[in-house]
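Protein chains: 2
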Amino acid sequence: MSVEVIAIGTELLLGQIVNSNAAHIGERLAEAGLDHYRQSVVGDNEERMTAAILEASSRADAVIITGGLGPTKDDVTRQALAKAAGVSLVFDDEQAKRLRERWHRSGREMPESNLQQAERPEGAAFILNPKGTAPGIRIRIDRAEVFALPGVPAEMHWMLDNEVIPALAGEGSSVVKSRLLRSWGEPESAIGERLADLFDASANPTIAFLASGGEIKIRITAKAASIAEAETLIAPIEAEIRKRLGDRIFGSDDETVEVVVLDALAERGWTVGTAESATGGMVATRITSVPGASRAYRGSVVAYDTAVKESMLGVDSSLIAEHGVVSLPVAEAMAHGARRVLGADVVVAVTGSAGPDPLEQPLGTIVVAVATPEGMSSRSIRLPGDRERVRVFASTAALQWLRMSLQGVPWGSS
Amino acid sequence: MSVEVIAIGTELLLGQIVNSNAAHIGERLAEAGLDHYRQSVVGDNEERMTAAILEASSRADAVIITGGLGPTKDDVTRQALAKAAGVSLVFDDEQAKRLRERWHRSGREMPESNLQQAERPEGAAFILNPKGTAPGIRIRIDRAEVFALPGVPAEMHWMLDNEVIPALAGEGSSVVKSRLLRSWGEPESAIGERLADLFDASANPTIAFLASGGEIKIRITAKAASIAEAETLIAPIEAEIRKRLGDRIFGSDDETVEVVVLDALAERGWTVGTAESATGGMVATRITSVPGASRAYRGSVVAYDTAVKESMLGVDSSLIAEHGVVSLPVAEAMAHGARRVLGADVVVAVTGSAGPDPLEQPLGTIVVAVATPEGMSSRSIRLPGDRERVRVFASTAALQWLRMSLQGVPWGSS
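Chains as they are written, first to last, in my numbering: chain A, 812 to 1225; chain B, 812 to 1225.
A few of these clues could be false.
It does not matter which identical chain is meant; a pair holds if it fits inside one copy or across any two.
Unchecked claim - List of simulated lysine-lysine pairs, DSS-like, C-alpha gap at most 25 Å:
1. K942 / K1028
2. K908 / K942
3. K908 / K884
4. K884 / K1034
5. K884 / K1054
6. K942 / K884
7. K884 / K1028
8. K1054 / K1028
9. K1034 / K1054
10. K894 / K942
11. K894 / K884
12. K894 / K1028
Hints in this document: simulated from the structure, not taken from any laboratory.
Extracted from the complex, chain A is given alone in its bound form (with noise of 0.2 Å):
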């Protein structure tokens, strides 16, 4: 059972919107272990649109369109499925009934133009579509099955859930599972040079690689009769992973370095501060947009100026003098400052050089402290790319040097 998924609008191929019913299409299809191999978009013509549904059709088993069912003269789904399918659009008198009861129970009149509505492709079914006004179309094009919904996400959604997915699951027989382990430390080609022979001879379960934020995901996707086969499935290699990735691996699912860093602190009864300089407080961001963060974190001090380095955090103008503000030991003053204005166990501090012009040091040097009540750990490390990737892959290091100061792990190992 291969599904196709096409999207109707203009508005989408001018990027005034981003096509996020595709998106959701396709998570609910692979949550219900439906094959889906190609999505397309095209505007709101009949001629283009016409076409789109014949290719489909003659690839898949079902396609799932979503716009074009609306009241108005761009909407021509309709005509481009009785198209597609060789018949011409007959006017339904029992869907003009129901249009003209659900606008009289929401106590307005129905605007004459909505009757369109209630027109089908001779020969198919009405999907009803408790959310709205626009019924779906169902309907038989070639070898595929063809469900029509509306582009209102809300509405689209429910007669998804509720009338496409089952009707199609019912001629399916699998589940598929994902799991996801993040890594962190090596970039992605060395991270698939070491699993290639498992990502070759992937099959069930299949692997895949995602770079995101200074970070490689590896997702295992398993297909099976249910859930529980699929995680039968998706265990050995997942040990296998982890086994060679060791350390590397500092999460998986939905547990961000953010999450990890404040179970890890929770853990040995820690709270934790920051202090940035080149980052201007993304780390602080990103650990305050964790709900709940408030039972570890204390504050940070941005100090971006230099004399904030001296007048807050304590740092010796010497010192500064001495190394640059980019510099271990300028970051490790940082860091000791920051624990004793902020009363914090434990402070992860950054500085850096992230452009546009160079500050001491080459542009995307960053140096990282973090200081515990068991000890001083700093490094620094050459980013790549412009000012906002070097701030964010920046703000990743320091989270994820905190994390590895947290659990004992050594910075040199990843």
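Place chain B on chain A using the hints.
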């Protein structure tokens, strides 16, 4: 000149990420006046990718592909391009040299698997990527000029703007020019009502509304034979909208509130600092995201814990006991204290209740105070939504009220 877009990535089909790349490309193509009738998504599968490339190349004059150019084994866009073009992959020594140099400059050793990024279909040209390691590929297939770009947004955006659009736009015949007006202080529906007659009458230029992060953007888009003609069409509509919305318009095009704030500070010759509680560093992060922020920005005290508000900002404990931490007097005391300890001319302070649990005041209550050499203003606002939405909207409110204080615009007027 018609263009199709193909996004590559199983994670798109699985709904793990939304196809924002296609939306971005669609927006750029529209701005350049290039027709764009179809988008597709296929997974990391060589056979299906090849089929999609051949189909698009038979319909369109140009095809833009994103994704699948990375260094791991699931990156097979290079192979699919070669197969679709009916040629072999060749190893490019010069590109291999560029890759090694890039890794060398960043002080890291290149994993051997990255060398697959030096492969290109025979007869294809590389598109340079100054933002990352994966080069793009340009090749003729069937009737179409095909451009393959990396899926990483920052890299793709740069290559699109600097390589692809210029190559295509030379062959177009009309241009599309947009003017973005940025407003704050009224909801989309109220702005829409003020501009309803302009919206109804609009054909060229068209008017569109976009709500994001608490701001309403109004986009005026004109299509004409030249940029100058398009600007002539836009000017009277822009003037009328500015007349009706007055102070609610705070910037146009790339003038974000952060940029406007830093410009206003430069004009007054003032430095700025921040004091944050509920927003946890987000206001600082936003200000320092602007290159050159260091000319005015001193730093921030993120006083997340109440004790830090007292110890670092000198907020009186009796004031907190009397009014609570989410109150006008405490916000003003935070601004006052931060001005002193940061040595800044101007400070914006934010405190509030962002959830998950209400803090003294109802969820979404945010208090902002702005202190300048000319005096103090403060105001409370109640924001809807979950924790992350409240934090984003609160940081926008703080930046907007800071901007209004600097420009001498009364807070009550919008």
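These are the hints, each one checked on the structure:
no.	hint	verdict
1	K942 / K1028	between (29 Å within a copy, 21 Å between copies)
2	K908 / K942	within (17 Å within a copy, 59 Å between copies)
3	K908 / K884	within (21 Å within a copy, 57 Å between copies)
4	K884 / K1034	between (43 Å within a copy, 21 Å between copies)
5	K884 / K1054	between (57 Å within a copy, 21 Å between copies)
6	K942 / K884	within (22 Å within a copy, 44 Å between copies)
7	K884 / K1028	between (42 Å within a copy, 15 Å between copies)
8	K1054 / K1028	within (16 Å within a copy, 50 Å between copies)
9	K1034 / K1054	within (23 Å within a copy, 59 Å between copies)
10	K894 / K942	neither (28 Å within a copy, 47 Å between copies)
11	K894 / K884	within (17 Å within a copy, 42 Å between copies)
12	K894 / K1028	neither (44 Å within a copy, 29 Å between copies)
When held up to the earlier numbered hints, the structure conflicts with 10, 12 and fits the remainder.
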